[in-house]
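Chains as they are written, first to last, in our numbering: chain Z, 3 to 407; chain L, 3 to 407.
Since the hints were made in silico from the structure, they are not lab data.
All C-beta atoms in this analysis are idealised placements derived from N, C-alpha and C, irrespective of residue type, glycine included.
The reader is advised that the hints may include incorrect statements.
Claimed, not checked - Pulled a few chain L residues facing chain Z out of the computed Cβ check, cut under 7 Å:
id, residue
1, L255
2, Y258
3, M261
4, S262
5, I290
6, N319
7, S323
8, M351
9, E379
10, I380
As the list claims (entries may be wrong) - The list that follows gives simulated cross-link-like pairs (lysine to any residue, SDA-like), each with its CA atoms no further than 25 Å apart:
id, chain 1, residue 1, chain 2, residue 2
11, Z, K362, L, S285
12, L, K392, Z, E250
13, L, K350, L, S323
14, Z, K376, L, F292
2 protein chains.
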Amino acid sequence: MKATGVVVEYNPFHNGHLHHLTETKKTSEADLVIACMSGHFLQRGEPALVSKWARTKMALAAGVDIVIELPYAFATQHAETFAKGSISLLREIGCESFCFGSEDGGLSAFEKTVELILNNRSAYNASVKNYMKEGLSYPSALSNAFKDLEGSEKLIDLSKPNNILGFHYIEARNNAAPDLKAFTITRESAGYHDEHFASPSIASATSIRKNLFDPEQEESVINRYIPSATHGILEHYKKEFGGYHRWENYWPLLQYKIMSSSPSQLREIYEIEEGIENRMIESSKSAISFEDFMKRVKSKRYTWTRLQRMALHILTNTTKSEMNERHAAPSYIRLLGMNKTGQQYLNKMKKSLELPLVSKLSSADKNDIHLDMKAAEIYSLGLSSNEVKKKLLHQEWSQPPILMG
Amino acid sequence: MKATGVVVEYNPFHNGHLHHLTETKKTSEADLVIACMSGHFLQRGEPALVSKWARTKMALAAGVDIVIELPYAFATQHAETFAKGSISLLREIGCESFCFGSEDGGLSAFEKTVELILNNRSAYNASVKNYMKEGLSYPSALSNAFKDLEGSEKLIDLSKPNNILGFHYIEARNNAAPDLKAFTITRESAGYHDEHFASPSIASATSIRKNLFDPEQEESVINRYIPSATHGILEHYKKEFGGYHRWENYWPLLQYKIMSSSPSQLREIYEIEEGIENRMIESSKSAISFEDFMKRVKSKRYTWTRLQRMALHILTNTTKSEMNERHAAPSYIRLLGMNKTGQQYLNKMKKSLELPLVSKLSSADKNDIHLDMKAAEIYSLGLSSNEVKKKLLHQEWSQPPILMG
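Okay, chain Z solo, but in the shape it has when bound (with noise of 0.2 Å):
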């Protein structure tokens, strides 16, 4: 069985992630599909919007055949270490191709663009320091030295989301998986970060979440950029966990943990530096909602993500040594969900894997899971009484893998 693998959130699951999954299974001609997805935090530095298993439910519901879990230590990490860790575990559950959606397509134009850099590394290097010198975030900093780089020949446009991480995905697939064949396929219409509504099937899955939380709008105009089935598992949420999960949710303990700490003590976070600390505590004693404590951190030093992935790591505690430790490659599979395909392709593959494929948390290693544990916990809390937290936190431990169809 030949299976192919995607790279996804999936936050939550609409139409142009379907469109997707359609065309990974006809341009790969695998048997079938494989989601490495992010548990309940997010590569933007964001609880999801619903857990890990609400949205395994929605993955399995479109199509995709086995859902694993891309671990904390990879998944709320600048692209690089995302790539890392999503395509090292793609390659270790046997994928033979992956399939990246991107805003640019065409699969050359992302290898002579990780070619092109790899050649001029210094040159690339030096003049990514020259841009931040100049005080350009380091995302402006990237896409502006290499479009100096390629000169005339135009390839690929480093400032858009998804070329971004197919940049790296290209990269880390050279790296540590070389066999790995990857496809790419041009995104349907709306941008990463769009907010509004632009195409009549398809929108960002940020527009369906800001619509998701405007009390205004009228239910059946998701219902058109949405599969029927995340609709229905989206309901089903709401209705036994009184509701979705959002920064502001965490805010009163973010501003708690914040405020009570010492610059020291906060330091010793993941991602925390340069001082950014005293201006954190400052701004928890002023701030009245997570937007506002965002709004007064900012500055042009820093993307909003970066400081979201920060604030994330101080929320759930995440130390420097904690993360050295685990972000290297993962050391660990976490089966989160799989349909009968999915099933029989694991019950040939399983005893040829090298890494421990984790069905039940009580029967893992507890240092390999410990930062995953830790984040389902901080999750829980983000829900609104102590009953419907305890049930969340009680799912992580008792949940198997879910099985559909």
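Put chain L on the given structure of chain Z with help from the hints.
Using the frame of chain Z, we list chain L on its own:
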């Protein structure tokens, strides 16, 4: 002008306190009474019902002439350190005497008790150790060891909380302020921990708080036990800040803090030792309220009060090193309020004070007031809206001493 001192919490100020105040004035024949009062957090490891400012107004309304703050490093400690800090501050501010309430009354019994223990220190300590090995809590072991020591000559019952405090007041006076004259007044009717009303006009603060939090109780019942000024100040606070402070308000923060900390991080907190951190981490995951948490952690080895103080130091993130740096002796006198008599007294005294008199936080030594400032920040988070949290926190910085009359 002759000043006498009292050590108080006024949580809230009630008729029993009024009785003590009246008797203190009579017995001491002083020109004014200075109250050394705990700030936002109290000796039993609890948040005060209302802020230090509201409680200062209650004190001044009842006839106290000066209110100074017992800093966090002393106010939230076992009886010995609590007494050491408060007696030291009363001496520093120039009191000639002090007057404490006790269950047994009779100063000579206290003095004899201190002497008896001092003269038999090693036998007494060995006996305490033995009782603790048998599984008794520290206070019970102290009280039993003393019963053995006093033999047939009955002095005071060291299992009663105000007697324990009185014992330590005398001990602290003997050690650090031998010229400070001591008086004691027998407490009227209500035991410290009594939850029910027993006397027609005097009730314990515990029973008054219980009544205040009980939505089914008639207001008129409480008014029999508190002066009308207290009543007005409580009502005003509730209206201004949206409610009273209680441990349950801080439970989500405490749960988050314990859940997200590693055992070694918790062991850095003052008073956390002997593996209690593991028990706390486990209990934080299953508990659905502060009370539930405390019941899960409680064992014969620890009194409820001691565990509550541990929980408080965790909540305020007060480390062993922060506390050990500060609890040897107070390094400043924080003035919370005064009336005209108090002002007159301070004008005369000011120049001869050895410790800095802090009227405005902004002009104080930041290292001195660090723990009190942090306590005020955390205390404000127990309110329900962001606006009133900010307001209360702002008050801590901007509020000059309250001047009444």
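- Query: Of the hints given before, which are not true for this structure?
  - Reply: 7, 8 and 13
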